[in-house]
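Novice: Sequence:
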Amino acid sequence: MMNQKRIPLLDRLNQFIEKDPISFHVPGHKNGAIIPLQGQKIYKEIMSIDMTELSGLDDLHAPQDVIAEAQSLASAWFQTDHTFFLIGGSTVGNLAMILASCCRGDKVIIQRNCHKSIWNGIELSGAMPIMVAPAFDEQVHRYTTPSQDQIEQVIKQYPEAKAIILTYPDYFGRTYDLRSIIEMAHDNQIAVLIDEAHGVHFSINHSHFPASALTLGADAVVQSAHKMAPAMTMTAYLHIRSSIIDKDKVAYCLKMLQSSSPSYPLLVSLDIARNYLATKTKSDIDLLLKSVLRMRNTMKSDKWDLIPLQAKIDDPLKIILHMKAGVSAKKVAQSFEACSIFPELVTEEQILFIHGLEPFHQWERLENALEKILTELKISKKHATIEKNINFFPKKLGCLAFTHQEMDWLDRVFTEWKQAEGKVAAEQVVPYPPGIPILVKGEVIETEHINHIKYLLDNNINFQQDNIQTGIFVFN
Numbered sequence: 314m315m316n317q318k319r320i321p322l323l324d325r326l327n328q329f330i331e332k333d334p335i336s337f338h339v340p341g342h343k344n345g346a347i348i349p350l351q352g353q354k355i356y357k358e359i360m361s362i363d364m365t366e367l368s369g370l371d372d373l374h375a376p377q378d379v380i381a382e383a384q385s386l387a388s389a390w391f392q393t394d395h396t397f398f399l400i401g402g403s404t405v406g407n408l409a410m411i412l413a414s415c416c417r418g419d420k421v422i423i424q425r426n427c428h429k430s431i432w433n434g435i436e437l438s439g440a441m442p443i444m445v446a447p448a449f450d451e452q453v454h455r456y457t458t459p460s461q462d463q464i465e466q467v468i469k470q471y472p473e474a475k476a477i478i479l480t481y482p483d484y485f486g487r488t489y490d491l492r493s494i495i496e497m498a499h500d501n502q503i504a505v506l507i508d509e510a511h512g513v514h515f516s517i518n519h520s521h522f523p524a525s526a527l528t529l530g531a532d533a534v535v536q537s538a539h540k541m542a543p544a545m546t547m548t549a550y551l552h553i554r555s556s557i558i559d560k561d562k563v564a565y566c567l568k569m570l571q572s573s574s575p576s577y578p579l580l581v582s583l584d585i586a587r588n589y590l591a592t593k594t595k596s597d598i599d600l601l602l603k604s605v606l607r608m609r610n611t612m613k614s615d616k617w618d619l620i621p622l623q624a625k626i627d628d629p630l631k632i633i634l635h636m637k638a639g640v641s642a643k644k645v646a647q648s649f650e651a652c653s654i655f656p657e658l659v660t661e662e663q664i665l666f667i668h669g670l671e672p673f674h675q676w677e678r679l680e681n682a683l684e685k686i687l688t689e690l691k692i693s694k695k696h697a698t699i700e701k702n703i704n705f706f707p708k709k710l711g712c713l714a715f716t717h718q719e720m721d722w723l724d725r726v727f728t729e730w731k732q733a734e735g736k737v738a739a740e741q742v743v744p745y746p747p748g749i750p751i752l753v754k755g756e757v758i759e760t761e762h763i764n765h766i767k768y769l770l771d772n773n774i775n776f777q778q779d780n781i782q783t784g785i786f787v788f789n
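With positions in the sequence shown counted from 1, the corresponding number in the numbering used here is that position plus 313.
For the record, the hints were derived by calculation from the structure and aren't laboratory data. Take these hints with a grain of salt, some might be off.
As the list claims (entries may be wrong) - Computed spacing ranges between beta-carbons, pair by pair: (1) Lys357 / Trp676: 27 to 35 angstroms; (2) Ser368 / Val726: 49 to 57 angstroms; (3) Glu719 / Gln502: 26 to 34 angstroms; (4) Lys343 / Gln502: 52 to 60 angstroms; (5) Asp721 / Asn764: 28 to 36 angstroms; (6) Glu650 / Ile355: 16 to 24 angstroms; (7) Asp779 / Trp676: 36 to 44 angstroms; (8) Asn789 / Gln623: 44 to 52 angstroms.
Here the structure is a predicted model, which is why all the values come from computation and not from measurement. Even for Gly, the Cβ is constructed at its ideal location relative to N, Cα and C.
Can you make the complete structure from the sequences, with help from the hints?
Specialist: Here you go:
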């Protein structure tokens, strides 16, 4: 049994610093000695551990010493065949697991409302996506995941598929019966790849948290360490627990995709995050859940509904406010931000707050802010409610109009929305966050797509496209 209280990467770097090393190597800040005055307060301490691949510090791309030990500790705790440290976020993990599992021309079953990095991975691999539309869940007022019946139908229709790629949980923390889907896929020798970016804490295995995709039998699972654990932004884990996926091929893909000069502060934070998760006790989580319950009670208002939690299905750390008629989610979120309280995500009707893995303590600030916001809402005029379009995935099952190889040879032209229907999108259309494309490259543009994009624009939702107000690039 490995000692999960150890943090070997942090220990090794501290030992290195104690030698008071003189740097005649990169990086150019020379262990934090060269930093402009304005940046010293924030950066000087962290720069002291911003090392390169020196003797005794190992190499992420050929780990044999302390990085290998840190990854082994993570693998032991997450109960995987191998765990890779990622310094390019879940994005690089999604790309690597797809490229290691799928080749040009392979059919791959994909949840249509997955993250844009999944679609980028499909494009890079040259695989042929079979898109399965999610169902609209009236209880939570949003699209969640394809139904089990839909997945079963598409597996029967495409038993030759090389992989199935799903998101678990969704951005809002909702899960589903993934075990049954994994069993169906494995019965057909289909690899199951899971984007579990928002579920790293599920591995704590507390009765109030949903089960991790790893314990349910997935072959490859990507988890963002930084989303829910105390790790720096851009850190993630890629877990392999499979006889279908070649670990060495995954490692090869990561060597191509990740920086050849990986950040040691990021790597250390992955080691710290594993230690933090692994040493959490049941009493720690019980205390945390009391804080979550208090926050849910504090957030109650007649201006919005709190989306109810289903035990073992919903992540209790995700607190979702669904605005009542006439109340603008954007305006309410702006009021919170005016009080220096920043939610994770604002949609046209909902605001998502994420409770941390420690009990919350700034109750007076939160309560005062809520009192101020609710007072403002009482005296403000109600906003007109824009009719909601919930049918923006017009096809339950679909394929791209062209292969990615064919798209490489096609010309792109910019087309106004009024002329775009029936044409083939030459770019993704991505509201961000959450980063789930409304249109993907190669998809036929339907009226429903256009209406939903206009609906989001009317609700001031941010997009990652220039000229989104007027039109889209399509293939000529």
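Novice: Quick check on a hinted range of 36 to 44 angstroms for aspartate 779 and tryptophan 676, using CB atoms only.
Specialist: holds, 43 angstroms
Novice: When you take the CB atoms of serine 368 and valine 726, is the distance between them in 49 to 57 angstroms?
Specialist: The hint (49 to 57 angstroms, Cβ to Cβ) holds, given that serine 368 and valine 726 are roughly 56 angstroms apart.
Novice: Are glutamate 719 and glutamine 502 spaced within 26 to 34 angstroms by their CB atoms?
Specialist: holds, 28 angstroms
Novice: Between asparagine 789 and glutamine 623, does the C-beta distance stay in 44 to 52 angstroms?
Specialist: Once the Cβ atoms are compared, 48 angstroms apart, the range 44 to 52 angstroms for glutamine 623 and asparagine 789 holds.
Novice: With respect to the beta-carbon atoms only, verify the hint that lysine 343 and glutamine 502 lie 52 to 60 angstroms apart.
Specialist: holds, 53 angstroms
Novice: Lying within 28 to 36 angstroms: is that true of the beta-carbon distance aspartate 721 to asparagine 764?
Specialist: Since aspartate 721 and asparagine 764 have Cβ atoms about 30 angstroms apart, the given range 28 to 36 angstroms holds.
Novice: Looking only at beta-carbon atoms, does the pair glutamate 650, isoleucine 355 fall within the given range of 16 to 24 angstroms?
Specialist: holds, 23 angstroms
Novice: Kindly confirm whether 27 to 35 angstroms is satisfied by the beta carbon distance between lysine 357 and tryptophan 676.
Specialist: Holds - the Cβ-Cβ distance for lysine 357 and tryptophan 676, about 34 angstroms, lies within 27 to 35 angstroms.
Checked against the numbered hints above, the structure breaks none of them.
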